[in-house]
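Asks: So you can see what is in the structure, the chains are spelled out below.
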Amino acid sequence: DGGITQSPKYLFRKEGQNVTLSCEQNLNHDAMYWYRQDPGQGLRLIYYSQIVNDFQKGDIAEGYSVSREKKESFPLTVTSAQKNPTAFYLCASSESTGGDTQYFGPGTRLTVL
Amino acid sequence: DQQVKQNSPSLSVQEGRISILNCDYTNSMFDYFLWYKKYPAEGPTFLISISSIKDKNEDGRFTVFLNKSAKHLSLHIVPSQPGDSAVYFCAASARYSGAGSYQLTFGKGTKLSVIP
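As given, the protein sequences belong to chains A and B, one line each in that order. Just so you know, we're using this note's numbering here: the first sequence kicks off at 998 and counts up by one. Just so you know, we're using this note's numbering here: the second sequence kicks off at 11 and counts up by one.
One chain only, chain A, in its complex shape (with noise of 0.2 Å):
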């Protein structure tokens, strides 16, 4: 089966340490995306990715880093500069960045105590 999976489903962590959220697609799409989702809210654009090895920054991108060295990968590091990073991220790919349909992985809840 074809898809978008991101893991964990939950995650936890203290105030000040960096964590990564993984995002693997088998979907052979070339565009990755990384949005976030807070209550009330529509979803804003942390970073996306046209290509390996290159990525660009979305409306949110301050306090977060990604990177792109294999095709089907496009892990999110939340870093101790985020101010709130208690959100529920979402993970999504197309097959170009042609403003093309997206689809998205199950997301992330992360709280950070």
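Worth flagging that the hints you see were computed from the coordinates, not collected in a lab. Warning: the hint list may mix true and false statements.
[Said to hold, decoys possible] In silico DSSO-like pairs for lysine-lysine, Cα to Cα no more than 30 Å straight-line:
id, chain 1, residue 1, chain 2, residue 2
1, A, LYS1067, B, LYS66
2, B, LYS121, A, LYS1080
3, B, LYS48, A, LYS1006
4, A, LYS1006, B, LYS47
5, B, LYS15, B, LYS121
6, A, LYS1080, A, LYS1067
7, B, LYS121, B, LYS48
8, A, LYS1054, B, LYS66
9, A, LYS1080, B, LYS48
10, B, LYS121, B, LYS47
11, A, LYS1054, B, LYS48
12, A, LYS1006, B, LYS121
13, B, LYS121, B, LYS64
14, B, LYS78, B, LYS66
15, B, LYS15, B, LYS47
16, A, LYS1011, B, LYS48
17, B, LYS64, B, LYS118
18, B, LYS78, B, LYS121
19, B, LYS118, A, LYS1080
20, B, LYS15, A, LYS1080
21, B, LYS15, B, LYS48
[As the list claims (entries may be wrong)] Cβ pair distances, simulated, as ranges:
id, chain 1, residue 1, chain 2, residue 2, range
22, B, ASN67, A, GLY1060, 37 to 43 Å
23, A, PRO1005, B, GLY70, 31 to 37 Å
24, A, GLY1013, B, ASP69, 43 to 49 Å
25, A, ASN1023, B, ASP65, 34 to 40 Å
26, B, ALA51, A, ASN1081, 31 to 37 Å
27, B, THR55, A, LYS1011, 29 to 35 Å
28, A, SER1064, B, ALA51, 23 to 29 Å
C-beta atoms are modelled at their ideal positions from N, C-alpha and C, and glycine is treated no differently.
With chain A's structure known, arrange chain B on it following the hints.
Replies: Coordinates of chain B only, in the frame set by chain A:
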């Protein structure tokens, strides 16, 4: 500045009746529109899309209507079922124009409750 607006945070509909979810946009470069459905603690699921060369697209119980002059689109669900209860997000992109084409811009969502 919100470029995609869903002005109704919630909507309640009786089972079997029509659900109409609305979305307005301000960016005239948007030419591709999508609806996603999202259950709590899950990722959004793609439902249906429409490009600006069309004014209607149907897929089973779901129909999306686009009014370009009013910069308005709507999603109709007929008949509504309890399993349709979820948050629905409208999204838009400048897919064909190429302007900012990398990005989908999302509305804040409308929570639909279908009452049995």
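Asks: Take the hints in turn and mark each one as holding or not.
Replies: Hints versus structure:
1. A:LYS1067 - B:LYS66: violated (39 Å)
2. B:LYS121 - A:LYS1080: The given pair, whose Cα atoms are some 28 Å apart, holds under the 30 Å limit.
3. B:LYS48 - A:LYS1006: holds (16 Å)
4. A:LYS1006 - B:LYS47: holds (19 Å)
5. B:LYS15 - B:LYS121: holds (14 Å)
6. A:LYS1080 - A:LYS1067: With a Cα-Cα distance of about 29 Å, the restraint between LYS1080 of chain A and LYS1067 of chain A holds, given a limit of 30 Å.
7. B:LYS121 - B:LYS48: holds (9 Å)
8. A:LYS1054 - B:LYS66: Status violated; Cα separation ~34 Å.
9. A:LYS1080 - B:LYS48: holds (26 Å)
10. B:LYS121 - B:LYS47: holds (10 Å)
11. A:LYS1054 - B:LYS48: With a Cα-Cα distance of about 25 Å, the restraint between LYS1054 of chain A and LYS48 of chain B holds, given a limit of 30 Å.
12. A:LYS1006 - B:LYS121: holds (23 Å)
13. B:LYS121 - B:LYS64: Cα-Cα ~27 Å, so holds.
14. B:LYS78 - B:LYS66: holds (11 Å)
15. B:LYS15 - B:LYS47: holds (16 Å)
16. A:LYS1011 - B:LYS48: holds (29 Å)
17. B:LYS64 - B:LYS118: Satisfied, since the Cα-Cα distance of roughly 24 Å is no more than 30 Å.
18. B:LYS78 - B:LYS121: holds (25 Å)
19. B:LYS118 - A:LYS1080: Given pair LYS118 of chain B, LYS1080 of chain A holds - Cα atoms ~22 Å apart, limit 30 Å.
20. B:LYS15 - A:LYS1080: Roughly 27 Å separates the two Cα atoms, so the pair holds.
21. B:LYS15 - B:LYS48: holds (17 Å)
22. B:ASN67 - A:GLY1060: 37 to 43 Å: holds (39 Å)
23. A:PRO1005 - B:GLY70: 31 to 37 Å: holds (34 Å)
24. A:GLY1013 - B:ASP69: 43 to 49 Å: holds (47 Å)
25. A:ASN1023 - B:ASP65: 34 to 40 Å: Holds, since ASN1023 of chain A and ASP65 of chain B (Cβ atoms, about 36 Å apart) stay within the stated range.
26. B:ALA51 - A:ASN1081: 31 to 37 Å: violated (19 Å)
27. B:THR55 - A:LYS1011: 29 to 35 Å: holds (33 Å)
28. A:SER1064 - B:ALA51: 23 to 29 Å: holds (26 Å)
Going through the hint list in order, the structure does not satisfy hints 1, 8 and 26.
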